[in-house]
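Novice: Sequence:
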Amino acid sequence: MFDYLSKIENLPNWASEFARDLKYEDGMAKVVNNLGEFYFVIEADAETGVIDMYAGPTEDELGLFPTRVVGLPGDTSEFSFTMFQAPGMPDELFESQYQSLLREFENIRRTFAA
Numbered sequence: 008m009f010d011y012l013s014k015i016e017n018l019p020n021w022a023s024e025f026a027r028d029l030k031y032e033d034g035m036a037k038v039v040n041n042l043g044e045f046y047f048v049i050e051a052d053a054e055t056g057v058i059d060m061y062a063g064p065t066e067d068e069l070g071l072f073p074t075r076v077v078g079l080p081g082d083t084s085e086f087s088f089t090m091f092q093a094p095g096m097p098d099e100l101f102e103s104q105y106q107s108l109l110r111e112f113e114n115i116r117r118t119f120a121a
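Remember, this note's numbering sits 7 above the position in the sequence shown when you count from 1.
Zero decoy hints are in this set.
DEER-style ranges, computed between Cβ atoms:
1) 92 / 65: 18 to 28 Å
2) 24 / 91: 13 to 23 Å
3) 91 / 52: 14 to 24 Å
Straight line, CA to CA, 20 Å or less: simulated SDA-like cross-link-like pairs of lysine to any residue:
4) 14 / 52
5) 30 / 18
6) 14 / 114
Simulated from the structure, these hints should not be mistaken for laboratory data. All of these numbers come straight from a predicted model, not from anything done at the bench. Note that the Cβ used here is the ideal one computed from N, Cα and C, for glycine as well.
From just these sequences and the hints, can you work out the full model?
Specialist: Take a look at the structure:
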């Protein structure tokens, strides 16, 4: 699971609402969704399972989305994802992004259910 989620090219497969498309501009990845285009970076550490995801409107304004894959007994894993509500972000927008993330978690479950 870690290998799959830590690769930016897999993002549109599982985060299909957040990353409807993935493109590159001057070597930097950008996700495209209904809110526009956002720079996107992944910093991953296989030893700890940490996959820090950063997204924002410019290369200098990237918000952190900390995630982690935790190995469990029986050759299974759990994936945790933390969202932060930015100052001034309307509650309705934050809630809609949360609901979108829940739907995207279903994509991950389907991918690893086989």
